[in-house]
Structures are given as C-alpha cells and as structure tokens.
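2 protein chains.
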Amino acid sequence: MKTTIKDVARRTGVSIATVSRVINGLGGYSNDTRKKVLSAIDEMGFRPNAVARGLVSKKTHTIGVMLPDVSGMLAAEILKGIESVAKEQRYSVIVCNTNYSGDRSQEYVRTLKEKQVDGVLAVSEYMTPEKSKALLSLNLPVVLISTLSYSYPFPYVKVDDKQAAYSAVCHLIDKGHRRIAMISGDRADLIAGAPRIEGYVQALRDHGLSVDESLIRYRAEFESFGFHSGALCMEGLLRDKPGQFSAVFAASDELAMGALSCAYRHGVRIPDDLSIIAYDDTRIAEMATPPLTALHQPLFAMGSRAAEMLLDMSAAGTLEADSVIIPHKIIERESVRAL
Amino acid sequence: MKTTIKDVARRTGVSIATVSRVINGLGGYSNDTRKKVLSAIDEMGFRPNAVARGLVSKKTHTIGVMLPDVSGMLAAEILKGIESVAKEQRYSVIVCNTNYSGDRSQEYVRTLKEKQVDGVLAVSEYMTPEKSKALLSLNLPVVLISTLSYSYPFPYVKVDDKQAAYSAVCHLIDKGHRRIAMISGDRADLIAGAPRIEGYVQALRDHGLSVDESLIRYRAEFESFGFHSGALCMEGLLRDKPGQFSAVFAASDELAMGALSCAYRHGVRIPDDLSIIAYDDTRIAEMATPPLTALHQPLFAMGSRAAEMLLDMSAAGTLEADSVIIPHKIIERESVRAL
DNA sequence: ATGAAAGCGCTAACAC
DNA sequence: GTGTTAGCGCTTTCAT
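If you read the protein sequences in the order shown, they are chains A and B. Going by UniProt numbering, the first sequence opens with residue 1, and the numbers climb by one from there. Going by UniProt numbering, the second sequence opens with residue 1, and the numbers climb by one from there.
These aren't lab readings, by the way, just hints derived from the structure by calculation. All figures in this text were calculated on a predicted structure; none of them were measured in a lab. Incorrect hints may appear among the rest.
Repeated chains share a single entry, so a pair holds when one copy, or any two copies, can fit it.
Here are the simulated EDC-like cross-link-like pairs (lysine to aspartate or glutamate), alpha carbons at most 16 Å apart as the crow flies [claimed, not checked]:
| no. | residue 1 | residue 2 |
| --- | --- | --- |
| 1 | LYS241 | GLU286 |
| 2 | LYS2 | GLU114 |
| 3 | LYS6 | ASP272 |
| 4 | LYS59 | GLU114 |
| 5 | LYS162 | GLU198 |
| 6 | LYS175 | ASP189 |
| 7 | LYS175 | ASP273 |
| 8 | LYS2 | ASP312 |
Use the sequences and the hints to build the structure in full.
Pasting the structure below:
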C-alpha cells in the first residue's frame, strides 16, 4: 500500500489539511508541526500523488511535444533543450512521435487533451489547417518550433530560413564561387523547402549571378531532407551538369552527407574539386569527412527557448506570445574552399 | 468549461454510471442508450479525463523512459521503438534525460513515482547500486535496455556485448587482418567498455594472435564513446604505432567516425591503408565516407521489445520477466578491405 | 438495464 | 495555527 497524505496526517496527529499546507509551503502552521510533518514525510517516504493533485488543481505539470521523428538529429537535439527547461521547472514531457502522419498527429492531440497537459510544443511539424485546428481546439498554450502555421498565428521559435539560406549562399559567393548548385528538400514544403530555395535564388540575384533552374535539385519523396535524397540529387547533378558548378548548398546536414557520399563514390574530392555548405549543423556536420562548413541553427537553445515561452504562457494563463526569430551563423570547417 | 461525463449524462438523460459503462464498453445497457450516449459524446466533443481516471483506476497509461542523452543517435532510435509500441497500446511516454547524472536520475525516479507511471524503462543507464535501489523502491515494472544491473536482477534487453565484439573482430580476422587495434570506450564501464574489450581479446586469442595492450586505446572521460574521443585515440595510435596495425575495431559508431576523421587528416586512406569496423550501426554508419562496415544492433527493435515486456508485466501485475539477448549481425559496407 | 453512492488522494475555502 | 468539509471527474460496487 502506498502511503498517502492521510497516513502522514495520522502518524503526525494533525489533519490532512495541515500536511497539505506544509507540503506546499503555504504557511499557517507552527514551526513545530512543520518539523514533525516533514520528518514523518521523510520517514515514511511519502511523495504526493501528482495525479490527485492534478485532478483538483487542473495543472498536471506536464507538457506534450509532437515531432515527426524523434530519432532525427535535429529533433533529438531540440527535444533535449525542451526537456532541460522542463526539468528545471519541474515539468514532465510526453513525447509524441507523429511519424509524419496527419492521422497520428490528430490522435496525439486527443491523447494530450485527455492527459490534461498544460501545453504543447510542435517541432518541425508540417502545419496543415486540420492540425492547427486540432491544436487550437485544445484551448491550451501552443508553441511551434522550426515551423509555423499559415492557418493560425501560433507563436513560434525558428530561424529565418530564407535569410539563413541567403547567408549560406553568400558565404559561398564570398569565397569566390560563381556556379553554385543547390540540393534542396521538397520544394512543396513551405517551411524548409521553398524558403531556402528563395534565399538561394535571392543571394545569386543580389550578386548579379544567373539562376540556372537545372542546378536546383530536390526529390518530392518521403524523407526529402534525408541522406538518400542528398545522394541521389548529387548523382543527378554530377551526371547532368559535370564541371558546371564549383559549390553546392545543401538544405540539410543529411542532404550534405548524401552529397558527400556520392561525390566520394565518383572520385570528386571535397573541397578540392567541389565545395559544400550544409544547413543545420547538427552533430554530424563536424563528424563528416571532411568536416562540413555549415549554417548553424542553435537547436538546443531553440528548444529551451520555446519551452520557456510555453511555461510562461501557461503560468500567465494566456494563449499568446511573441514569436522569436533565432539568429543563425555560419560555422566554417573544411568543406568549402576559396576559389 | 470542459465537458465532463456529467454533462454527457445530463444531456443524454442517463446516469454518469451508464455513460461510464458505454465509454468503457462494459456492457449493461441497451443498444438504444448506447447510441444516444455515443452520439452525445460525439456532438459535445467529450474526452474522458485521464487524470481522474488514473486516480481511481490506479493506472495512468503512462511509462517513464530514463536515458543519459536523448540526443544521442543510439538512444533516440531506441526511444522511437519504445514510443512506437507505447502508442500502439495507448500509452504515453515521459522522457527523462538524466544527463549522465546520478542525482538527476534520483530526482526523475521521484518524479515518475509522483506521476504514478505504470512502469519505467532505463536506456543505457549506468546502473549504480543507488539507482537500482531507487528504481526498485518504485515497486513497479522496470526493464533495462542496453544495460544491466549487477545489484539487482532487473530484466533487460540487450545484445551480448562481448559476443558481438568477438564477432566484429573475427570479421576483421576473416578478412585477413592480423594486427588489429581497438578504440574502446571507458574500460571502467562494465557494460559497454570492458565486455567489448574482452570480446576483442578473446577473438585474438582464439585465433592464435597476440594481444598488444598498447593497441587498445580509450579515454576515461565524459563522453568516452564519443567522436572526440575516437579522434584522439586514433591520433595516439597513428603516432605511437604507425604501420603496426592494419585494422581497428571501434567500440561505437562515433568512435569510428572520430577515427575516420583523424585518419583523413593524416592522409591515411580507409580502407586502402587501414580498415575500420564500428560497433552499433546507427544511421551515421552508412552516412560516413566511406560507409562503415559495422556490427549492427537492432535499436528500434530493442526499444519496442522492451516496451512490450514492460507493458506485459504491467498488465500481468508482475515485476519479473525474462531478459532477452538480442541477436546482432555484421553489416558489410566499405570501411573494411580484405588483405 | 440503470441509478445512487462511495470513494481515489489531494486542495481550498471556511470555520474555529 | 489547525481542522472540517466539499469537491475535482471518474470507476465501481450494490441496489433496484
């Protein structure tokens, strides 16, 4: 039998109300009883039942995190950031792996509602109108990370993708590159696809460089930002436009890894024959051979920032907050060579 | 105001007991009232409050997962497997990033107790006696993944590290290698450190090969299985024993990546000049240049298997279960060359 | 087949 | 300062 507040009360000879008071540090008891209660709690190994507490207080001290793939480097790092502040503020986090599925997402929203979470964070989720509606119907604080919704103005935390892509390409141009290819994720992706391409195009234009559509590659497939996709895009580039580009901007670390892998297979040396700059800068960027020069997103910080926002919102009882654009920067390593 | 079972009852004109019955499909009501209740639930968008349910049923349909680093490739993949079966069986999972800290672990155990989880999974946690004791005191089903406890026989799911290391080294020997170095994680690690070294030594001995202690490298530091450590160990090997080994067995993917990176920096080509076999085979193994031949651990499967065990235990009301040794295998890619 | 009522462990008035 | 009591939203006897 688990020990309850009642047991502590009986053992101490006070009422459960008093025990509750000292547990919650509410005051309204002598220093003497406080000590008695505290030591009883200690001796009995009593821990307040959070479920019972949640039922009456309507606060579960739990938040939900939805993400398409927990095992992705990006998501995992952000999750770590979230978990970190949650822990600090004594919150628990429930992970929901939506697996890129809208249906699954809907189910999770339902579950989170039943579980009475105090708020939800959506990481890299593709925000369809349905998903936004579901989240909205929770009537709970919601903060998006690395994504945003066009159907409802949920506050978000992300870098400016277009601007970041622009910076990355400018870096290449600064290094003397003129013929720059791009390996993108699905162009239909309005968050991480199209905007990065726009940044790429814009950078080229702003430097008086012409844009060759056939130098922009992507695959509209399942993991369009994945390793496999990167390798295939590079394959196409090497086949169709040999010697016609001196650098490539990859829209994700994995895409860059795929490109690297393909280049290696074809005997094209990085960065001697070809420069590559990646987007994300997850841990694999520095593990690559050669280490990837990359556009850095502060993943952990993004996660913790968003979690702070969410908990603040919850505390303030509001559903609104100002979105924050996180600054990005370029980490120079060895995959880009000056021409 | 949220709609409760009471609202549904009133709206339908039946008692809350009846509503509860149809929600739980317990039978004991006419088909007619069932339909009425169901449609009312639907119209009102009613969802049973899991917190209230948990309070009375003493089942929260929630499990806790403790791991030293959510953002690690290993853990993340295992977590995904866990989450997958949890979702299937309508369970939620709370992640606890212990950050390699014993204190943090203790705190989490307390939190999980308060939250009344139905069981806990510990992934790659270094099981000190204190941690085991804490977990044990929960009096709840516990299953370990990729680790085991010497202080208490918690059921676990893992591969046989010594045997797996043995296989990996045999693979190298089969390919004609005779001088084989090893880059290990902290030797003081009784789970993933020492056993893999033992497997390495055993394989050498069984093939009549001599064991050169100076060919075994590791660093007793924070992330002893990490990329940085791998690079440093390789550095030492290349410096101290140049040309004296034709292959290296790395005790983790990251260690192998570090070795690869260092080799590249020194102009030693993989696999032409040196072969490398890794342990783990997380997603980065295939992303490496060249792709790493590796000893594969079925991470996702390990996670899901353990979760199944845990939920079965919970359902059966037992704290015991048979541990399972997961079979491993070697994935041949391009980092090992036959001599 | 259905309802009344007693809790689950706790918090929060409200008394004294 | 401390106790009593009324719930929180649900499940579960026990009647009827």
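Against the structure, the hints come out as follows:
no. : hint            : verdict
1   : LYS241 / GLU286 : neither (28 Å within a copy, 26 Å between copies)
2   : LYS2 / GLU114   : between (25 Å within a copy, 11 Å between copies)
3   : LYS6 / ASP272   : neither (74 Å within a copy, 72 Å between copies)
4   : LYS59 / GLU114  : both (13 Å within a copy, 14 Å between copies)
5   : LYS162 / GLU198 : within (6 Å within a copy, 52 Å between copies)
6   : LYS175 / ASP189 : neither (29 Å within a copy, 46 Å between copies)
7   : LYS175 / ASP273 : within (14 Å within a copy, 33 Å between copies)
8   : LYS2 / ASP312   : neither (34 Å within a copy, 22 Å between copies)
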